[in-house]
Amino acid sequence: MASHHELASQRIRTEVSRWRAQDRAVVGVHGDRCQQKIQTRRGETNKPPEDHPILDEGQEECARASTAAPARIEGPRRWQARPTEEENRQHCWVGNLESMAAAAVEVSERRNKVIIDTDPGIDDAMAILVALRSPELEVIGLITTFGNVHTAVATRNVLHLLEAVGRTDIPVAEGSHVTLKKDRKLRIASSCHGSDGLGNQGLPPATTAKPLDQPAAAFLVEQANLYPGQVTVVALGPLTNLALALELDPLFPKKIGQIVVLGGAYSVNGNVNPAAESNMFGDPDAADIIFTCGADVLAVGINITQQVILSEADREKLEHSDSKYARYICKSLAHYFDYHGEVYFTKGVYLHDPTALLAAVNPSLITSAEGVVRVQTAGTTKGLTLFRSTEKWYADMSAWSGMPTVKVAVTVDAPAVVELMMQRLMADD
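Following the UniProt record's numbering, the numbering of the sequence shown begins with 1 at its first residue and continues without gaps.
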């Protein structure tokens with residue numbers, strides 16, 4: 001499926017072709033006229049005809065840009081008359097359109113292809129909207145999972161959001177409804193996000209947008225093969241879909257560009273219990289597999305995201321914005337603010353998912369440390385993320401030996417993250 005920018009580039013190329021055809025016709029007529037007017041005597045072959053049109057300064061500059069050297073006519077060496085003002089205008093249009101086409105192709109090639117694995121979720125919805133408004137990213141797909149809501153509800157929410165902002169061109173693949181081992185009871189965070197995931201708005205189903213028939217894991221493998229090394233997966237929920245993709249294609253970790261994981265609590269308490277963060281707790285088996293599979297993984301844990309807070313003042317700015325993106329998210333913020341006030345005793349809300357997404361947009365917003373991460377898969381500390389720094393050697397570490405390293409975010413420029421998110425949400429088409 002062609003992206004918005006690819007379609008724009010195609011339209012520009014078509015327009016360039018049309019102008020070129022018109023330009024060739026003009027040059028042909030002009031050349032015939034010149035041949036009739038130019039003297040054929042050898043002694044005058046280097047002289048321009050007396051009725052040569054004289055260009056003013058602005059026209060002269062445009063002519064130089066479109067005709068770098070005097071055109072020649074077949075046969076004896078002769079001058080060709082300068083183009084008229086109308087012909088110069090057409091040359092300039094062709095040049096401008098060619099530049100626009102080249103720029104559109106360059107932008108499309110430079111943008112980071114992204115798949116968002118999501119369980120919307122109020123802050124998931126924020127992150128998706130920010131991604132759609134980020135020129136650095138080309139969102140080539142959304143896949144859904146359980147966590148904040150059940151998978152079917154997550155799919156409905158994604159389709160509703162895309163329809164609301166006019167982006168039903170983006171494919172949506174529904175993901176797993178159960179954990180990797182299918183033996184764990186799902187934990188659904190309805191108290192935080194509402195029973196519908198978006199603040200108990202009672203949203204109707206999308207009327208036109210539909211999910212793909214293809215499962216999320218198969219979609220991941222397909223895209224990684226189509227664009228080897230170019231696709232970033234921003235995983236905002238449990239990592240079940242990614243672990244299933246690895247089962248389908250053992251080479252998936254080498255084909256995917258990067259995996260940005262929202263997950264883990266590094267040197268801080270979790271948000272499900274003192275040990276575990278919610279995405280790691282949701283499917284710890286899948287998480288441990290992804291952290292040790294050898295892919296390029298960046299983990300953004302709640303030790304970072306709980307430093308990034310959307311304030312009441314920020315919320316008021318969003319509410320006064322005319323942007324459809326800001327208006328969409330504001331409908332669910334009341335529930336989110338109430339939850340944070342009751343549970344965390346704060347007057348703002350944590351921007352978990354937008355922080356992870358913006359780390360993919362602008363990696364300089366965070367700093368990271370490299371080491372091995374393992375996830376506890378059973379017991380009282382199920383979902384606990386343990387980070388082993390490469391700064392120390394251990395004599396006995398069989399569960400850690402030979403494991404691939406990942407990057408873990410350790411600092412964040414919180415004000416810059418909030419500012420960038422606000423800019424993106426309040427900017428309309």
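By construction, these hints were calculated from the structure, which means they are not laboratory data.
As the structure is a computational prediction, the values presented were derived from the model and not from experiment.
You may find that some hints are simply not true.
[What the hints assert, rightly or not] Distance windows between CB atoms, simulated:
no.	residue 1	residue 2	range
1	E319	P205	37 to 45 angstroms
2	S267	E342	39 to 47 angstroms
3	S401	H177	20 to 28 angstroms
4	G402	T207	47 to 55 angstroms
5	Y344	L386	49 to 57 angstroms
6	L226	K181	56 to 64 angstroms
7	R110	G202	23 to 31 angstroms
8	Q201	Y344	38 to 46 angstroms
9	F345	A313	15 to 23 angstroms
10	P415	G379	33 to 41 angstroms
11	F345	S267	39 to 47 angstroms
12	G294	K210	13 to 21 angstroms
Heads up, the beta-carbon is just placed ideally off N, CA and C, and yes, glycines get one too.
For each hint, the structure was consulted:
For the hinted restraint 37 to 45 angstroms between E319 and P205, the CB-CB distance of approximately 26 angstroms leaves it violated. For the hinted restraint 39 to 47 angstroms between S267 and E342, the CB-CB distance of approximately 26 angstroms leaves it violated. Between S401 and H177 the C-beta distance comes to about 35 angstroms, which lies outside the given range of 20 to 28 angstroms. Distance hint check for G402 and T207: the Cβ-Cβ separation is about 52 angstroms, which falls inside the suggested range of 47 to 55 angstroms.
For the hinted restraint 49 to 57 angstroms between Y344 and L386, the CB-CB distance of approximately 25 angstroms leaves it violated. Hint check: L226 to K181, Cβ distance near 30 angstroms, so the stated range 56 to 64 angstroms is violated. Between R110 and G202 the beta carbon distance is about 41 angstroms. The supplied range of 23 to 31 angstroms is therefore violated. A C-beta distance of roughly 23 angstroms is found between Q201 and Y344, which places it outside the suggested range of 38 to 46 angstroms.
About 18 angstroms separates the C-beta atoms of F345 and A313, a value consistent with the hinted range of 15 to 23 angstroms. Take P415 and G379: their Cβ atoms lie about 39 angstroms apart, and the range 33 to 41 angstroms holds. A C-beta distance of roughly 22 angstroms is found between F345 and S267, which places it outside the suggested range of 39 to 47 angstroms. Checking the proposed 13 to 21 angstroms range against G294 and K210 shows it is violated: the Cβ atoms sit about 35 angstroms from each other.
Violated hints, listed in ascending order, are 1, 2, 3, 5, 6, 7, 8, 11 and 12; each of the other numbered hints is respected by the structure.
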